[in-house]
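Trainee: Given next are the chains, with one letter for each unit.
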Amino acid sequence: MSSPSDHAAHAPHGFIRRYIFSLDHKVIGIQYYCLGLFSVFLGMSLSLLMRFHMVNPHAQVHWFEKLWPTAAAGGVMTPELYLSLMTMHGTIMVFFVLTTVPQSGFGNYFLPIQIGAEDMAFPVLNMMSFWTTFLSLCVMVAAFFVQGGAPLSGWTSYPPLSGAGPLTGPGEGLGQTLWIVSIAIFCGASLMGAINFIATTVDLRCKGLSLMRMPLTCWTWLVTAILGLLGFAVLLSAGVLLLLDRLAGTSFFLPAGLMVNDQILNHKGGSPLLWQHLFWFFGHPEVYIAILPGMGVTSQLLSTFSRKPIFGYKAMVYAILSIGFLGFLVWGHHMFMSGMNPYSAMAFATLTMCIGVPSAIKTFNWIGTLWGGKIHFDTAMMFALGFVSLFVTGGISGIFLGQPALDLYFHDTYFVVGHFHMIMGVAAIFGMFAGTFYWFPKMTGRMMNEKLGKLHFYLTFIGVYCIFAPMHYLGIAGNPRRYSQFTENEFLGPLLPIHNFMTYAAYVTAAAQLIFLFNLIWSLKKGPKASINPWNSTTLEWTVPSPPPHDNFGGVHPVINHGPYEYSVPGSSKDFIMQNDPAEVPSEG
Amino acid sequence: MLLAPVVWVLTAVIVYFFAAKTWWFPPPINQHGMEYDAQFWRTLVVTGIIFVVAQFALGWVIVRFRNDGGRARHSHGNNKLETLWTSATAILFLGLVVMGTKIWAGVHFDEAPPDAIPIEVLVKQFAWNFRYAGPDGKFGHTELKFINDAAGNPFGIDEKDPAGKDDIVSATLKVPIGKPIKLVMHSLDVIHNFFVRELRMKQDIVPGMEIPLHFEADQIGTYEVPCSELCGLGHYKMRTSMQVMSQADFDQWKQQQAQK
Chain B
7 MSSPSDHAAH
17 APHGFIRRYI
27 FSLDHKVIGI
37 QYYCLGLFSV
47 FLGMSLSLLM
57 RFHMVNPHAQ
67 VHWFEKLWPT
77 AAAGGVMTPE
87 LYLSLMTMHG
97 TIMVFFVLTT
107 VPQSGFGNYF
117 LPIQIGAEDM
127 AFPVLNMMSF
137 WTTFLSLCVM
147 VAAFFVQGGA
157 PLSGWTSYPP
167 LSGAGPLTGP
177 GEGLGQTLWI
187 VSIAIFCGAS
197 LMGAINFIAT
207 TVDLRCKGLS
217 LMRMPLTCWT
227 WLVTAILGLL
237 GFAVLLSAGV
247 LLLLDRLAGT
257 SFFLPAGLMV
267 NDQILNHKGG
277 SPLLWQHLFW
287 FFGHPEVYIA
297 ILPGMGVTSQ
307 LLSTFSRKPI
317 FGYKAMVYAI
327 LSIGFLGFLV
337 WGHHMFMSGM
347 NPYSAMAFAT
357 LTMCIGVPSA
367 IKTFNWIGTL
377 WGGKIHFDTA
387 MMFALGFVSL
397 FVTGGISGIF
407 LGQPALDLYF
417 HDTYFVVGHF
427 HMIMGVAAIF
437 GMFAGTFYWF
447 PKMTGRMMNE
457 KLGKLHFYLT
467 FIGVYCIFAP
477 MHYLGIAGNP
487 RRYSQFTENE
497 FLGPLLPIHN
507 FMTYAAYVTA
517 AAQLIFLFNL
527 IWSLKKGPKA
537 SINPWNSTTL
547 EWTVPSPPPH
557 DNFGGVHPVI
567 NHGPYEYSVP
577 GSSKDFIMQN
587 DPAEVPSEG
Chain L
152 MLLAPVVWVL
162 TAVIVYFFAA
172 KTWWFPPPIN
182 QHGMEYDAQF
192 WRTLVVTGII
202 FVVAQFALGW
212 VIVRFRNDGG
222 RARHSHGNNK
232 LETLWTSATA
242 ILFLGLVVMG
252 TKIWAGVHFD
262 EAPPDAIPIE
272 VLVKQFAWNF
282 RYAGPDGKFG
292 HTELKFINDA
302 AGNPFGIDEK
312 DPAGKDDIVS
322 ATLKVPIGKP
332 IKLVMHSLDV
342 IHNFFVRELR
352 MKQDIVPGME
362 IPLHFEADQI
372 GTYEVPCSEL
382 CGLGHYKMRT
392 SMQVMSQADF
402 DQWKQQQAQK
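Chains as they are written, first to last, in the working numbering: chain B, 7 to 595; chain L, 152 to 411.
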């Protein structure tokens, strides 16, 4: 395996080694970003089809039949097609967008530069983890095209629905098997990535960069990597066991006495709850895998664009660490209604409320950072501010769901759908938008268009509130989630106007994303040239050319003299002090 | 700058619909439901205040501290404030959990009273079945191999067992008003979920497990029971109803069924 210094100085020649099977963390970061960009538009398209079907369950659409000759015979979407779209929407968004872009995309590109390293600790492993992720995505998408189509058991794939084979429904044959194989491959890729991130952060920090001088982005990437290492290992094992239940006739998750579709099955001794425990032991930390890097970017941006040091740097670090730690102790709150021991529910509930505390600390500290600042409203900052608003809205509904007593009604209603889309979905995606507008100049050497950026921001910000806030009212009215239509229950009829409203809001918000795509591509070609440090930021990536050279620092070894957020320091000539600035200015931590 | 009014307006609209209760819970039909609603309101008030204050503060700092030249105030934070808001949130959040404990305990820690009427629930893709013991007060022996929907035996009651002869099987749930009910729930295939909005209660029915649930319904009426755990392509139409009847009507219904 080549060490960073081997390939540091000279970039490889030839298109394939340079851009396809590249060892350069920056190229790999962009590859991950592009994979995520493809996935997010795919996942979003699936959600539009779902929303269309929910409010027009009997509509005939000619091209549906072309896409799905059996699942949409006659142009009318079947309930099983709806469920497979839902499964794939959730899976693609969670794994290939929320997990890859903030961590593997931005983290890959900027972690080494922010800590003054020439590359990741294991460049070959890094390349392998990207291509393994790519393989995993191909296998996942292939599930659409096999007999029976994509699985219908949701992104959580609870057995027996996911474990008893095609008897339980279309998509539960080869489609479900491919789903599990893809997830297992993805786990492998994430484990490789996690090891690399941890080793890089621990070993390759440049001189003077103590842990407590790291930008908060690096802290969130580090803790996210630790969560990934511990979480994906468990999901991988669970996936292998589920695969064995399906293909080798084992009974890890399938109990005795199953009779599916009038056929008695020969399983014995398995427990459907075991899967739920294993899945959520990964699944809950996964929420933080998705959101932590967004918190890091938001902290970085709020400080930069309000020209103030982050409020309570140490408290922020401890909050990140305790979110990471507690994140492994709360998985049971997904299972209050599962039939598990009701006493353990109380323990999980108490720990869940505890994890609300560091999340609240972060929100307070963000407001504290803005307080007394001189806020610059560039698009990147708008998204960071939007993140704070969405994080509050999405987080606060967790106080309802974290109480077993209230979950007695809200579990598996749209209240849950609204909650996790707000926080893990859109707040995390706002973190990605913020990161994109902030780092695009560094990654490409060009600035993005601010007017288009603001337009995109406002449409998206108002749009996501219009889509996801009404879901809380649906939940209060008792609307169950994962229903392909609302025609069979009387109490769902009066709720259809909300569903219609949310559907139109989704169309508009999705269309607004084309503005972003256009801005991205147009700015790549035509955007004004970016200087080294267009935002007057203080971290190391803003000391190198845009885009940075192959070895990041052109052979120079940076030395860190300051904490990451020294803005508006009294007595200094400028309103910011670069981390590697040698000037003797008093600064703390 | 425009962001501040946008945040405020969104916040106001969200709060308005919570206050107006445009789309809301159906009224509760028992004591547990009323206690549930009280806990919901406590939580709504606490979170509502935090929500409004946080969003308002965000908008306010956006307006107040926009860049107008000059330097920002240099500060790395304030440990006193940090301790204050950490302990305040911890007390509020944990306090809410503690206050809800009684409701959870009533459903899950307390056993059903000994005189509760036992009703067996058996679910499968995408149907509900309920079984009552007949006049002998005993449930007949069942086996998977005897299950036959077409012959009217969805539970697979063994014909040879005399205790099963008078068992009553129904596709909808009927319960007498004001009497403790104990459901004993089983699933044949995948996980389903029993949910009655008016009871403020929900419980997964997991294959391989016997899941009990007890309650009392104090209001005559018919209430919908939508399956609330993803169970396959017919999930959206897997529904039944719970009919709460007067004791006389319930006895009459049982008598009619027994004669069939």
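Since the hints were made in silico from the structure, they are not lab data.
A quick note: this is a predicted structure, and the numbers were derived from the prediction, not measured.
Some clues are possibly wrong.
As the list claims (entries may be wrong) - For lysine-lysine, the following DSS-like pairs were computed, each having C-alpha atoms within a straight-line distance of at most 27 Å: (1) B:K380 / L:K231; (2) L:K296 / B:K320; (3) B:K274 / L:K231.
To be verified - If you anchor each label on the Cβ, the simulated ranges turn out as follows: (4) L:A302 / B:G275: 42 to 50 Å; (5) L:S226 / B:Y324: 16 to 24 Å; (6) L:Q182 / B:F497: 19 to 27 Å.
Using N, Cα and C, we set each Cβ at its ideal position, and we do this for glycine too.
Trainee: The structure should be examined with respect to each hint, and the outcome stated for every one.
Mentor: Cross-check of the supplied hints:
For the proposed pair K380 of chain B and K231 of chain L, the alpha carbon gap of about 24 Å is at most 27 Å, so the pair holds. A C-alpha spacing of about 65 Å is found between K296 of chain L and K320 of chain B, which places the hinted pair above 27 Å, so the restraint is violated. The hinted pair formed by K274 of chain B and K231 of chain L fails the criterion: a straight-line CA distance of about 58 Å is larger than 27 Å. For the pair A302 of chain L and G275 of chain B, the beta carbons lie near 31 Å from each other, so the given range of 42 to 50 Å is not met.
Look at S226 of chain L against Y324 of chain B: about 19 Å separates their beta carbons, and that is inside 16 to 24 Å. Distance hint check for Q182 of chain L and F497 of chain B: the Cβ-Cβ separation is about 22 Å, which falls inside the suggested range of 19 to 27 Å.
Checked against the numbered hints listed earlier, the structure breaks hints 2, 3, 4; every other hint is satisfied.
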